[in-house]
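J.: Protein chains in written order, with my numbering: chain A, 1 to 304; chain B, 1 to 304; chain C, 1 to 304.
Source of the hints: derived by calculation from the structure; they are not laboratory data.
Any given hint could be a false lead.
Since the list gives no way to pick one copy over another, a pair counts as held whenever it fits inside one copy or between any two copies.
List time: in silico SDA-like cross-link candidates among lysine to any residue, alpha-carbon distance up to 25 Å [what the hints assert, rightly or not]:
#: 1; residue 1: K186; residue 2: E164
#: 2; residue 1: K287; residue 2: E140
#: 3; residue 1: K287; residue 2: E161
#: 4; residue 1: K287; residue 2: R235
#: 5; residue 1: K186; residue 2: Y229
#: 6; residue 1: K186; residue 2: L42
#: 7; residue 1: K186; residue 2: S228
#: 8; residue 1: K287; residue 2: F135
#: 9; residue 1: K287; residue 2: E207
#: 10; residue 1: K287; residue 2: H210
#: 11; residue 1: K186; residue 2: D45
#: 12; residue 1: K287; residue 2: I123
What follows is each chain in one-letter form.
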Amino acid sequence: MHLLRTLCEIAAPSGHEAPLTEFLLHYIQQHAPGWRVQPQVLAGDDLQDCIILVFGQPRTAVFAHIDSIGFTVRYGRQLVRIGGPDVQTGYRLVGRDALGSIECTLTVDEQTGALGYEFNRDIERGTELTFQCDFRETAEAVQSCYLDNRLGVWTALRLCETLEHGIVAFSCWEEHGGGSVKYLAKRIYEQYGVRQALVCDITWVTEGVHAGQGCVISLRDSLIPRRSYVERIRRIAEASGIPYQLEVEGSGGSDGKELQHGAQPWDWCFVGAPEDHVHTPDELVYKADIDSMLRLYQVLMQEL
Amino acid sequence: MHLLRTLCEIAAPSGHEAPLTEFLLHYIQQHAPGWRVQPQVLAGDDLQDCIILVFGQPRTAVFAHIDSIGFTVRYGRQLVRIGGPDVQTGYRLVGRDALGSIECTLTVDEQTGALGYEFNRDIERGTELTFQCDFRETAEAVQSCYLDNRLGVWTALRLCETLEHGIVAFSCWEEHGGGSVKYLAKRIYEQYGVRQALVCDITWVTEGVHAGQGCVISLRDSLIPRRSYVERIRRIAEASGIPYQLEVEGSGGSDGKELQHGAQPWDWCFVGAPEDHVHTPDELVYKADIDSMLRLYQVLMQEL
Amino acid sequence: MHLLRTLCEIAAPSGHEAPLTEFLLHYIQQHAPGWRVQPQVLAGDDLQDCIILVFGQPRTAVFAHIDSIGFTVRYGRQLVRIGGPDVQTGYRLVGRDALGSIECTLTVDEQTGALGYEFNRDIERGTELTFQCDFRETAEAVQSCYLDNRLGVWTALRLCETLEHGIVAFSCWEEHGGGSVKYLAKRIYEQYGVRQALVCDITWVTEGVHAGQGCVISLRDSLIPRRSYVERIRRIAEASGIPYQLEVEGSGGSDGKELQHGAQPWDWCFVGAPEDHVHTPDELVYKADIDSMLRLYQVLMQEL
Chain A
1 MHLLRTLCEI AAPSGHEAPL TEFLLHYIQQ HAPGWRVQPQ VLAGDDLQDC IILVFGQPRT
61 AVFAHIDSIG FTVRYGRQLV RIGGPDVQTG YRLVGRDALG SIECTLTVDE QTGALGYEFN
121 RDIERGTELT FQCDFRETAE AVQSCYLDNR LGVWTALRLC ETLEHGIVAF SCWEEHGGGS
181 VKYLAKRIYE QYGVRQALVC DITWVTEGVH AGQGCVISLR DSLIPRRSYV ERIRRIAEAS
241 GIPYQLEVEG SGGSDGKELQ HGAQPWDWCF VGAPEDHVHT PDELVYKADI DSMLRLYQVL
301 MQEL
Chain B
1 MHLLRTLCEI AAPSGHEAPL TEFLLHYIQQ HAPGWRVQPQ VLAGDDLQDC IILVFGQPRT
61 AVFAHIDSIG FTVRYGRQLV RIGGPDVQTG YRLVGRDALG SIECTLTVDE QTGALGYEFN
121 RDIERGTELT FQCDFRETAE AVQSCYLDNR LGVWTALRLC ETLEHGIVAF SCWEEHGGGS
181 VKYLAKRIYE QYGVRQALVC DITWVTEGVH AGQGCVISLR DSLIPRRSYV ERIRRIAEAS
241 GIPYQLEVEG SGGSDGKELQ HGAQPWDWCF VGAPEDHVHT PDELVYKADI DSMLRLYQVL
301 MQEL
Chain C
1 MHLLRTLCEI AAPSGHEAPL TEFLLHYIQQ HAPGWRVQPQ VLAGDDLQDC IILVFGQPRT
61 AVFAHIDSIG FTVRYGRQLV RIGGPDVQTG YRLVGRDALG SIECTLTVDE QTGALGYEFN
121 RDIERGTELT FQCDFRETAE AVQSCYLDNR LGVWTALRLC ETLEHGIVAF SCWEEHGGGS
181 VKYLAKRIYE QYGVRQALVC DITWVTEGVH AGQGCVISLR DSLIPRRSYV ERIRRIAEAS
241 GIPYQLEVEG SGGSDGKELQ HGAQPWDWCF VGAPEDHVHT PDELVYKADI DSMLRLYQVL
301 MQEL
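If we strip away everything but chain A, and leave its shape as in the complex, we get (with noise of 0.2 Å):
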């Protein structure tokens, strides 16, 4: 788990991916000649802060959003949300701007709402504050903030290293609105003809849905896939023995959300791991669904 709790800890908030980017360009050049088939990498300014990898002749596409929640320095002690993060008074929050590192507290009025910062000096106006990270690991679980997305991406990179055909994207602002899965989309669609897709993200304990009972597949959330697609997939799932769980929410978004209203006919299904404490410094994954999640992208590339 070391590598996740490097990926938890480079501070990424949409808008500001180019840390993370940075760093998993370089592991990707130390690590894929390990791999059992190497990628083309795909990177640069026309991708933004996004990386795609091209592994033999593809089929399928593996997007993994890289952005993080967090905070934006306004006026005053003001904060703005990147994303939809949860607040509560008391929050570690951490981030940089022209007078040096900040470690701050997080405020939320209780009257308004509002949300502010405690710290010995003000903060530059569009400073990003983060979550502080604090990574923990017991013999069942991993907690800390930023699993989603971090997992997702620490899922893929693990993929790659037995991956044959497919393609593992990289993707930006994923909680804030969205804005590289569009062309991201476009690219992999006219360029290698791929039109299925596969989100890897986390998703939320649930009535429905529980720790430790395997990785999700989501029939729906606040968008519906394509039936014959997700159908498809909960088939491999069953055939394969992996354990895994269904989800049906009414609300909610991912990656495929711009899939679905792209102008190419991508095919697309939610799949990851459930988390608790969702969007707070305390998300916490149990380990069986992580084992769950990586087990069964495995088997879905080789099986779509």
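Since the structure of chain A is provided, determine the placement of chains B and C on it from the hints.
T.: For chains B and C alone, kept in the frame of chain A given last:
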């Protein structure tokens, strides 16, 4: 109205349009030989469950969505909406899961508004339920679930009988967030140079739009189509002598939304009969308005 | 400011931008011969009512929307909003229908908030009404309806006088759901390889943005542009010595929204003067901020 009844009876909620697609492909194969012009039929995985028919040298495309509203079974005996169905305790719902066919009753919790079902067994998670079809016809009107938009589909099919130049596109997911018109619009524009659209769908009887007074030409809903195009349509309708009504709304949407937001310069206009009891099992449309709708489409496809 | 006044006086609500398009094409034809570089002028049905001007070897595109907010006449004497105009009983509205030109008064129902009009006759269904223009100028400021965004259009036109390399795009529908920037962005990216954008529009005076203290560079609104691009703009502005202010908001949007959500990897940043009395007939902008805006655009288009 036998064809309309058959269309209304086929369950095809958003995301699971395949059964209606199959019916349409079969219908087209059977009936196209009797049509004035033989269309090119585009279908298959690159169009997911959509169909495009190309007649002659097209200048204008008709979009008719084939999906319907409905419900997805969640956990316990909960239901989640597909699109925006009206809900009342007692509505009859039908579906099918691994244990067989289902006829159950919708329940709406009076306190919380939570949706559920009453049935003699639990229904499999993720199963789709749709309104049970009770098709009624009088001398004056037809009444059924899903006239929105099986009546649009019916009009499009009847239009095909005499169409010389034009495109008829059957789209998916309109009732639930969209997701097919973006690629239909791209393909039609790039392959055929067509950028004029008519949205062949059903609208509402309101204080300004009355049942039996003719097909509606919508000047705007939540979006505003380009004025100059809508004016051309008004002038053609006016000159034709066919009864029509003008609609002006501040809310509501259609496949026009995806045309408006796509990356091609589509001009679009919603043209369709008004219905009462919208999104209930008892949608009602006057035959005079159906007649006006079909005749208006015939004229518009010639003149535009 | 004669040109600005003329721009403010032309009615061109979202969806009916054609009158302003016509004015601009005429203006460009007349004045381009006096500009430093002769641009290529792209217009016509494939761009609907938009215009693209291409100067030299472009690296950056300026987007200025030409549409305005307003009202559509519904049924009876009801009005529906175009975009988000401020509403107060007594605002003077103008328009034209088949019976002739219209000068009427906005009414807002105190109980329901319902919008209507007072006039000596009924107005034709679907007629657009816009604020009556009362253009005021002092030594310090200009005040009028529709400075948002006729001042952006004015700035873009003045920028054209000296622009050597770059694109100026006049867009439509910005105030009401968008719909043109997607195809403008696609065409500009595919045809000219340009993926850097400046959104030339007007923003708000707030607790952190003050009238008269310089053009605004927005670090974020409801969406978050890519950090590295915004930082480059800040550095160029800083080095230029031109007064500017930084904005950080959690809401609001612009043409940047469509750039962010399109299928090309656009970097974008909102750069524009702040105004008071937003979306009223009395929008007010300081001349110092107009001056700062134009100079900042001149520098940015050279340096980016």
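J.: If a hint holds in the structure, say so; if it doesn't, say that too.
T.: So, going through the hints one by one against the coordinates:
Taking the shortest Cα distances, K186 and E164 sit within 25 Å of each other inside one copy (22 Å), while across copies they are farther apart (32 Å). When the C-alpha separation of K287 and E140 is checked against a cutoff of 25 Å, the pair qualifies only within one copy, where the shortest distance is 6 Å, while the shortest distance between copies is 64 Å. Proximity of K287 and E161 under a CA criterion of 25 Å is satisfied intra-copy only: 19 Å inside one chain copy versus 61 Å between copies. Taking the shortest alpha-carbon separations for K287 and R235, only the intra-copy value of 24 Å comes in at or below 25 Å, while the best inter-copy value is 46 Å.
Taking identical chains as interchangeable, the C-alpha atoms of K186 and Y229 lie at most 25 Å apart whether they share a chain (20 Å) or sit on different chains (23 Å). Taking identical chains as interchangeable, the C-alpha atoms of K186 and L42 lie at most 25 Å apart whether they share a chain (14 Å) or sit on different chains (21 Å). In this assembly of identical chains, K186 and S228 lie within 25 Å of each other by CA distance both inside one copy and across copies; the values are 22 Å within and 24 Å between. For the homomeric pair K287 and F135, the shortest alpha-carbon distance inside one copy (14 Å) is at most 25 Å, but the shortest distance between copies (53 Å) is not.
In this assembly of identical chains, K287 and E207 lie within 25 Å of each other by CA distance solely inside one copy; the values are 20 Å within and 48 Å between copies. Taking the shortest Cα distances, K287 and H210 sit within 25 Å of each other inside one copy (13 Å), while across copies they are farther apart (52 Å). When the C-alpha separation of K186 and D45 is checked against a cutoff of 25 Å, the pair qualifies both within a copy, at 16 Å, and between copies, at 17 Å. Neither within a single protomer nor between protomers do K287 and I123 lie at most 25 Å apart by alpha-carbon distance, with minima of 38 Å and 31 Å respectively.
The structure is inconsistent with hint 12 alone, although it conforms to all the rest.
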